[in-house]
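K.L.:
Sequence:
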Amino acid sequence: MVDRSVTKIVPVVLSGGSGTRLWPLSRRSFPKQFVDLLGGDPLFRRTLRRVSDSRIFAPPIVVCNLEHRFLVAEELRQADLEAAAILLEPEGRNTAPAAAIAALVAQKEDPAAVLALLPADHLVAEAAVLSSLLQRAAAVAAGPGAFETGDTTGRLVTFGIVPDRPETGYGYIQVGQALQGEAAGVAGACEVCAFVEKPDAETAAGYLAEGDYLWNSGMFVVSAAQLLREMRRHCPEVLTAAEAALAGAQADLDFLRLEASAFASAPSISLDYAVMERTEHAAVIPAEVGWHDLGAWPALWSVAAKDGNGNAVMGEAHLTEVRNSYLRADDGRLIAALGVENLIVVSTHDALLVAPRARAAEIGDLAKRLTAAGRPEATDPKVIRRPWGSYETLVEADGFKVKRIVVQPEGRLSLQYHHHRSEHWVVVSGEAEVTLGERIFLLGPDRSTYVPQGTRHQLYNPGHEALVIIEVQCGTYLGEDDIVRLADLYGRSESDSGVTPTLTAS
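The opening residue of the sequence shown carries number 33 in the numbering used here; numbering runs sequentially from there.
Hints may be right or wrong, so weigh each one.
Unchecked claim - Per label pair, the in silico range of CB-to-CB distance:
#	residue 1	residue 2	range
1	Ser334	Glu106	25 to 31 Å
2	Ala387	Val434	28 to 34 Å
3	Asp85	Gly371	25 to 31 Å
Hint data in this document are derived by calculation from the structure and do not stem from the laboratory. Don't be surprised by glycine CBs; every beta carbon is placed ideally from N, CA and C.
Build out the structure end to end from the sequences listed, making use of the hints.
P.N.:
Below, the structure written as structure tokens:
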């Protein structure tokens, strides 16, 4: 085992993505890394748990979209981890700007910092094996004598997944000769001959037969100083924008909001294109860690348990002469299928997807077309998460809307009022502390109150169990952007609404 006693690895969890390829389960405001895709922990939490050993890893740095900040905070809480920093991107600019900002933050704390750049949405079955490989890669990335002298002449290390099939959905890395030196020898690190784009089926079969091609995992271990040096050489515009975005950043509770205009000036480019394909210091370590990039429905089908006919089923289903299909009902409905094969059928509370497995790559474009058409099902899940809990719209028609609101213990909605609607609250379970105008009072189960239009109001859960209320809104306009926040525990403003104005929550 490589000695990491001087400096711990700094995990950098990269949480981006638009959530379109796994629609309707994954949505723009609730992308796949936060969804329970496999039963159990979401992918984000699994990623956090893989780097939770404090003997090896420093507290993580998380880079995520501004609108996902409270989702990230909840995943950290569930994983019982405290982040070194949660860096908020005002918009997605791919992985190179995110990596640059994380490296700048880490280097400020420790000039000899070694980073493990890890996507939040990958599945790794062999977490212990990956942990060992990360430690070995850290020695190669740090360079000889780095921990004692501050030397940063190490390699930019990536992991290449040993392929078991001719996959056309991944990029490839052509492996060169083994690196020399004690640390490189222990790690099994090799030169990188080339990074290769996603191949066609015939080319992929050739790569598998040749044996010197690995899948590009998108995971990297790098010295912060070496990465920044290579960025200044190969993509200075990315680094300049990252430095400016960090210099103008503003603290917001436990988050750091990057300066929007500076960050937007960064090219939208991956770390592979910006640095790894251009540097002379790239290295690759072959890895067999049970890795999967669950980026599309066929990938989920491939890792799921299947019946004797090759069907992966989640939820209730009655199947007759159905083969090699992925069928999922997250809404409690029964899926009944007869005489079909190679299908994807996904039923949620507000959308149903039916598509051939062979055309799964087009689902992302379908979701984008739905977004362009203004369909809320394309961007928002039925249950909208908020830092205080969640809400779900049960019924909506002209002049009224009915919601189910769940407030977690000690959760507090903002002190607010509405211009165009009144509200009726009925407590289903738990206890509510209600602020209504100048009054503050408690409501228990089966109790109700009326909130007139224009009256300031607030909900708070002082209890130890979830507070559940039914809210009936009445008025001429019921959009979620009809809100004026007067005070908010979570630092949100009335314009701080996420993707669109209709996402502004109570």
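K.L.:
Which numbered conditions among the earlier hints are violated in the structure presented, ordered from lowest to highest?
P.N.:
Those not satisfied come down to hint 3.
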